[in-house]
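Chain residues, written in single-letter form:
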Amino acid sequence: MQYKSQAVAKLYFIAAIGLFVGQILFGVILGLQYVIGDFLFPEIPFNVARMVHTNLLIVWLLFGFMGAAYYLVPEEAERELVSPGLAVLMFWVFLIAGALTILGYLLVPYSGLAQMTGNDLLPTMGREFLEQPTITKIGIVVVALAFLYNIGMTILSGRKTVVNLVLLIGLVGLAVFFLFSFYNPDNLVKDKYYWWWVVHLWVEGVWELILGSILAFVLIKTTGVDREVIEKWLYVIIAMTLITGIIGTGHHYYWIGTPDYWQWWGSVFSAMEPIPFFMMTVFAFNMVNRRRRNHPNKAAVLWALGTAVMAFLGAGVWGFLHTLAPVNYYTHGTQITAAHGHMAFYGAYVMIVLTMISYAMPMLRGRKAASSNRSQVLEMWSFWLMTVSMVFITLFLTGAGILQTYLQRYSDTPLPFMVVQEKIELFYWMREVAGVVFLIGLLVYIASFFVGTKEPEVVLEQTDA
Amino acid sequence: MDSQTRAWLRPCTWTWLVMVCLTLVTWLLGVSGAQGLWVALLVLGFALLKGQLVGDWFMGLHGVSGFWRWVVSLWLLLVGSLVSIAFVISSGVLN
Amino acid sequence: MSDKLVAAQVRHYPPGDLAVWILIMAELLVFALFFAAYGFTRMGHVALFNQYQATLDRTAAVANTLALITASYFVVRAVAAIREGNSRHSARWLWAGVGMGVLFLFIKGGEYAEHLSHGINLSTNTFYMFYLSLTFFHFMHVIVGVIVLVILAVKVGQGRYSAAEHADVESGASYWHMVDLVWLILFPLVYVMH
Ligand code: HEM
Ligand code: HEM
Ligand SMILES: [Fe+2]
Numbered sequence: 091m092q093y094k095s096q097a098v099a100k101l102y103f104i105a106a107i108g109l110f111v112g113q114i115l116f117g118v119i120l121g122l123q124y125v126i127g128d129f130l131f132p133e134i135p136f137n138v139a140r141m142v143h144t145n146l147l148i149v150w151l152l153f154g155f156m157g158a159a160y161y162l163v164p165e166e167a168e169r170e171l172v173s174p175g176l177a178v179l180m181f182w183v184f185l186i187a188g189a190l191t192i193l194g195y196l197l198v199p200y201s202g203l204a205q206m207t208g209n210d211l212l213p214t215m216g217r218e219f220l221e222q223p224t225i226t227k228i229g230i231v232v233v234a235l236a237f238l239y240n241i242g243m244t245i246l247s248g249r250k251t252v253v254n255l256v257l258l259i260g261l262v263g264l265a266v267f268f269l270f271s272f273y274n275p276d277n278l279v280k281d282k283y284y285w286w287w288v289v290h291l292w293v294e295g296v297w298e299l300i301l302g303s304i305l306a307f308v309l310i311k312t313t314g315v316d317r318e319v320i321e322k323w324l325y326v327i328i329a330m331t332l333i334t335g336i337i338g339t340g341h342h343y344y345w346i347g348t349p350d351y352w353q354w355w356g357s358v359f360s361a362m363e364p365i366p367f368f369m370m371t372v373f374a375f376n377m378v379n380r381r382r383r384n385h386p387n388k389a390a391v392l393w394a395l396g397t398a399v400m401a402f403l404g405a406g407v408w409g410f411l412h413t414l415a416p417v418n419y420y421t422h423g424t425q426i427t428a429a430h431g432h433m434a435f436y437g438a439y440v441m442i443v444l445t446m447i448s449y450a451m452p453m454l455r456g457r458k459a460a461s462s463n464r465s466q467v468l469e470m471w472s473f474w475l476m477t478v479s480m481v482f483i484t485l486f487l488t489g490a491g492i493l494q495t496y497l498q499r500y501s502d503t504p505l506p507f508m509v510v511q512e513k514i515e516l517f518y519w520m521r522e523v524a525g526v527v528f529l530i531g532l533l534v535y536i537a538s539f540f541v542g543t544k545e546p547e548v549v550l551e552q553t554d555a
Numbered sequence: 012m013d014s015q016t017r018a019w020l021r022p023c024t025w026t027w028l029v030m031v032c033l034t035l036v037t038w039l040l041g042v043s044g045a046q047g048l049w050v051a052l053l054v055l056g057f058a059l060l061k062g063q064l065v066g067d068w069f070m071g072l073h074g075v076s077g078f079w080r081w082v083v084s085l086w087l088l089l090v091g092s093l094v095s096i097a098f099v100i101s102s103g104v105l106n
Numbered sequence: 147m148s149d150k151l152v153a154a155q156v157r158h159y160p161p162g163d164l165a166v167w168i169l170i171m172a173e174l175l176v177f178a179l180f181f182a183a184y185g186f187t188r189m190g191h192v193a194l195f196n197q198y199q200a201t202l203d204r205t206a207a208v209a210n211t212l213a214l215i216t217a218s219y220f221v222v223r224a225v226a227a228i229r230e231g232n233s234r235h236s237a238r239w240l241w242a243g244v245g246m247g248v249l250f251l252f253i254k255g256g257e258y259a260e261h262l263s264h265g266i267n268l269s270t271n272t273f274y275m276f277y278l279s280l281t282f283f284h285f286m287h288v289i290v291g292v293i294v295l296v297i298l299a300v301k302v303g304q305g306r307y308s309a310a311e312h313a314d315v316e317s318g319a320s321y322w323h324m325v326d327l328v329w330l331i332l333f334p335l336v337y338v339m340h
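Protein chains in written order, with my numbering: chain A, 91 to 555; chain B, 12 to 106; chain C, 147 to 340.
So that you can see chain A by itself, here it is in the shape it has in the complex (with noise of 0.2 Å):
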């Protein structure tokens, strides 16, 4: 670490992990739900208990995200954060906001919390992802604000690089578009037409540049490769990204009312949405291949590179495959969606935070470069139990998707919706096992924090060519 004030990223990522441990008991929960109705019925509701989990995974994609550029913006930029002070300040506002607000999903009705923060006076709620009351929307937008004023003076007062201007970007964007959170119009279509703008232009759009300059900054300090030659990647990486992402949007727009021309224009545009996605891939492989250094810090790399794969099999690969209208007007909606939907928010999101925190976490913890050798072990080993049982969710849940498909949609006798449900009950259990799976890899993942703290640091000559 080379500037105190990247420390404050620590608290952030503590933060971030803390969430994700409880985003993933509510997963657990909701699984089981799903095979068996009543269970803890009447405290935790389905419908809570899945906004719980929706939200924690967006609020501690969001602590990561600001911990990532806490970290990578000092450094990029070869000066001290602005306000380290208000860095942590805002820490707090936002992780009590975030604190009371689930708290209000479980403890009162949700139309009670409503009622109680005072929806009537602008009506913000009741969307998926966008749930939150108006007021800790507008919360998030003041933590938003203070972030992008301590990350954007850093960056415009200091050294300017393609990776901190690319997440400047990415990260203006994402505050840009959360403000469409605030429109809510009683037309049902235009109420979805521009909900997609937060959702889709955020994971689609936005958060790509996130992601993409996360990790070009990852592969930068880990294999050596020359800046330009990363550089140059980036910004084919991220015009891809913004060429298909935006008008892809459409693929959301074939059913809900919109004009017909959105079947041709989101087909079009969002079957193309793969290529960045496949050319991060090539990129990563690429440079750790071209790699002038072997760095101590295995973890990290087998991070990004388990970034750049998953990334593409779950947006790129899952997204395609019900991505074209044809498809999509048989797969709308169903446990396809879901399959795609977990393996593209971990692939892309989930990994892209946890390689940045295990890249930066052995400095921020006073090490030099690495954690020791049985710390990255086991850190490597929560790498493996949580991507396969995610692959073993996503391949459930698209068997289960495929079935519902058919005998609900296809056949030539269709099915019920909850008949249907019950014949692919088996699906859901399995996908309930794997998502023990899940959390047992997380508490692995947990536990690597906490082993080999008192031994040496893996160390490996540096072969700088």
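Keep in mind that a hint or two might mislead.
Said to hold, decoys possible - Keeping only pairs whose Cα atoms sit at most 20 Å apart, straight-line, the calculated SDA-like set for lysine to any residue is:
no., chain 1, residue 1, chain 2, residue 2
1, A, 282, A, 428
2, A, 282, A, 217
3, A, 100, A, 539
4, A, 100, A, 454
5, A, 388, A, 478
6, A, 322, C, 313
7, A, 282, A, 213
8, A, 513, A, 496
9, A, 322, C, 158
10, A, 250, A, 317
11, A, 322, C, 171
12, A, 322, A, 379
13, A, 94, A, 168
14, A, 282, A, 293
15, A, 322, C, 169
16, A, 311, A, 384
17, A, 322, C, 311
18, A, 311, A, 457
19, A, 322, C, 163
20, A, 322, C, 314
21, A, 280, A, 268
22, A, 322, C, 164
23, A, 100, A, 168
24, A, 94, A, 243
25, A, 458, A, 382
26, A, 322, A, 378
27, A, 322, C, 294
28, A, 322, C, 168
29, A, 322, B, 79
30, A, 322, C, 165
31, A, 322, C, 159
32, A, 388, A, 471
33, A, 94, A, 458
34, C, 301, C, 234
35, A, 280, A, 270
36, C, 301, C, 313
Everything labelled a hint here was simulated from the structure, so no lab data went into it.
Given the coordinates of chain A, work out where chains B and C with the ligands should sit on it, guided by the hints.
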């Protein structure tokens, strides 16, 4: 090469002239009211030829070897075949 | 001199930055998909496509084809000039290219205004949906291309490039030729072939 041996027209100028002519022929075919599958395919053929010229002499691919030599040609082949297939089928000559 | 020419002829990479060529490939692929979609959708609506294709302004389209071909030619000359280290000529050719690009935008803009005044939009029918989508997507590319050419013309004019160092000019030129290339197919496909 010096100005003595320099051809009186550069290759790119030739290319430009050929493309202008092909464009005008396409236009004449259009306004002449000529109809039918063969006219359509001829027009497409002219376009593919023009595309090849752009790739070779404007983009400078004639002097490149390996994969990049053929990117534009491959693209033209792809587009040309897909569009021709669609036009041939819809013209009904196959029935 | 001829040694240099021979050496230049066994390159393995196209002129300009490889990254731009990857971008060009991806863009060409998007257009290829759209062209194929046009062709195959037309199979189900031949009469409709032919009927509304006849309402388009072919003369404007031919003028536009000539404008783009000529713009591309000017850009080729600009690259040739900078390869000889002649910034002044190069900048002049680039501005000429910009002029042709702007001419294209004007003519095409005129066509759009005409359609608009007849209340034609994306939802009018399948033919117009494709025609407007394809040409407008291309129109956006022409705008981007013109902006690229303007930036290059300014920088070349300031003498920022030389015979040895002009990769940006080649990259921008390659992008522009791609915009031209796409139109060369687009033009017969939507305006002429029936
Ligand atoms: C990392 C990137 C991505 C993430 C995190 C992601 C995540 C998601 C999620 C969570 C949903 C469900 C939204 C909902 O209805 O609640 C979804 C839907 C969808 N995604 Fe993605 N996605 C990503 C990339 C892609 C890509 C690249 C494609 C296309 C190639 C794609 C195609 C789709 C489609 C077509 C749907 C709609 C499914 C339906 O109709 O039910 N996604 N995505
Ligand atoms: C890092 C890991 C995980 C990520 C990124 C993740 C992400 C998501 C996302 C994005 C959704 C919303 C999907 C949609 O709108 O289509 C969701 C829903 C859900 N998740 Fe997860 N999840 C994870 C782990 C788990 C685990 C381990 C389980 C359980 C075994 C689980 C079970 C569920 C269930 C049951 C739903 C609700 C699906 C529905 O409404 O039908 N998740 N998760
Ligand atoms: Fe999407």
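Results of checking the hints against the structure:
1. Using a Cα cut-off of 20 Å, the hinted pair residue 282(A) and residue 428(A) holds, with the two alpha carbons roughly 18 Å apart.
2. Proposed proximity of residue 282(A) and residue 217(A) is supported: the alpha carbons are some 9 Å apart, at most 20 Å.
3. Among the hinted pairs, residue 100(A) with residue 539(A) is consistent with the structure: their alpha-carbon atoms are about 13 Å apart, no more than 20 Å.
4. Straight-line distance between C-alpha atoms of residue 100(A) and residue 454(A) comes to about 6 Å, which keeps the hinted pair within the 20 Å bound.
5. Restraint check: the Cα-Cα separation between residue 388(A) and residue 478(A) comes to about 19 Å, which is no more than 20 Å; the hinted pair holds.
6. A distance of roughly 14 Å separates the Cα atoms of residue 322(A) and residue 313(C); the hinted pair therefore holds under the 20 Å criterion.
7. Annotation: proposed proximity of residue 282(A) to residue 213(A) holds, straight-line Cα distance about 15 Å (limit 20 Å).
8. Annotation: proposed proximity of residue 513(A) to residue 496(A) holds, straight-line Cα distance about 12 Å (limit 20 Å).
9. Under the criterion of a C-alpha separation no larger than 20 Å, the hint pairing residue 322(A) with residue 158(C) is consistent with the structure, at around 19 Å.
10. Distance hint between residue 250(A) and residue 317(A) is fulfilled; the C-alpha atoms sit about 13 Å from each other, no more than 20 Å.
11. Restraint check for residue 322(A) and residue 171(C): satisfied, since their Cα atoms lie roughly 16 Å apart, inside the 20 Å limit.
12. Pair hint residue 322(A) plus residue 379(A) holds up; C-alpha atoms about 17 Å apart against a cutoff of 20 Å.
13. A hinted pair counts as satisfied when its Cα atoms are at most 20 Å apart, and residue 94(A) with residue 168(A) qualifies at roughly 12 Å.
14. Distance restraint check for residue 282(A) and residue 293(A): the Cα-Cα separation of roughly 16 Å lies within the 20 Å cut-off, and the hinted pair is therefore satisfied.
15. At roughly 11 Å between alpha-carbon atoms, residue 322(A) and residue 169(C) fall within 20 Å of each other, so this suggested pair holds.
16. For the hint linking residue 311(A) to residue 384(A), the alpha-carbon distance of about 11 Å falls within 20 Å, and the restraint holds.
17. Pair hint residue 322(A) plus residue 311(C) holds up; C-alpha atoms about 18 Å apart against a cutoff of 20 Å.
18. For the given pair, residue 311(A) sits about 16 Å from residue 457(A) by alpha-carbon distance, which is consistent with the 20 Å threshold.
19. A distance of roughly 9 Å separates the Cα atoms of residue 322(A) and residue 163(C); the hinted pair therefore holds under the 20 Å criterion.
20. Simply put, residue 322(A) and residue 314(C) have alpha-carbon atoms about 13 Å apart, close enough for the 20 Å limit, and the pair holds.
21. A hinted pair counts as satisfied when its Cα atoms are at most 20 Å apart, and residue 280(A) with residue 268(A) qualifies at roughly 16 Å.
22. Of the supplied pair hints, the one linking residue 322(A) and residue 164(C) holds, its CA atoms being roughly 9 Å apart against a limit of 20 Å.
23. Simply put, residue 100(A) and residue 168(A) have alpha-carbon atoms about 19 Å apart, close enough for the 20 Å limit, and the pair holds.
24. Restraint check: the Cα-Cα separation between residue 94(A) and residue 243(A) comes to about 17 Å, which is no more than 20 Å; the hinted pair holds.
25. For the suggested pair residue 458(A) and residue 382(A), the alpha carbons sit about 19 Å apart, so the restraint of at most 20 Å is met.
26. Only pairs whose Cα atoms come within 20 Å are accepted, and residue 322(A) paired with residue 378(A) is accepted, the gap being roughly 16 Å.
27. With a C-alpha separation of about 18 Å, the suggested pairing of residue 322(A) with residue 294(C) holds against the 20 Å cut-off.
28. Pair hint residue 322(A) plus residue 168(C) holds up; C-alpha atoms about 11 Å apart against a cutoff of 20 Å.
29. With a C-alpha separation of about 19 Å, the suggested pair residue 322(A) and residue 79(B) falls inside the 20 Å cut-off, and the hint holds.
30. Pair hint residue 322(A) plus residue 165(C) holds up; C-alpha atoms about 7 Å apart against a cutoff of 20 Å.
31. The straight-line distance between the Cα atoms of residue 322(A) and residue 159(C) is roughly 16 Å, inside the 20 Å bound, and the hint therefore holds.
32. The straight-line distance between the Cα atoms of residue 388(A) and residue 471(A) is roughly 12 Å, inside the 20 Å bound, and the hint therefore holds.
33. Straight-line distance between C-alpha atoms of residue 94(A) and residue 458(A) comes to about 14 Å, which keeps the hinted pair within the 20 Å bound.
34. Annotation: proposed proximity of residue 301(C) to residue 234(C) holds, straight-line Cα distance about 11 Å (limit 20 Å).
35. The hinted pair formed by residue 280(A) and residue 270(A) meets the criterion: a straight-line CA distance of about 11 Å does not exceed 20 Å.
36. Between residue 301(C) and residue 313(C), the direct Cα distance comes to roughly 13 Å. Compliance with the 20 Å bound is thereby established for this hinted pair.
In terms of the numbered hints stated before, the structure departs from none.
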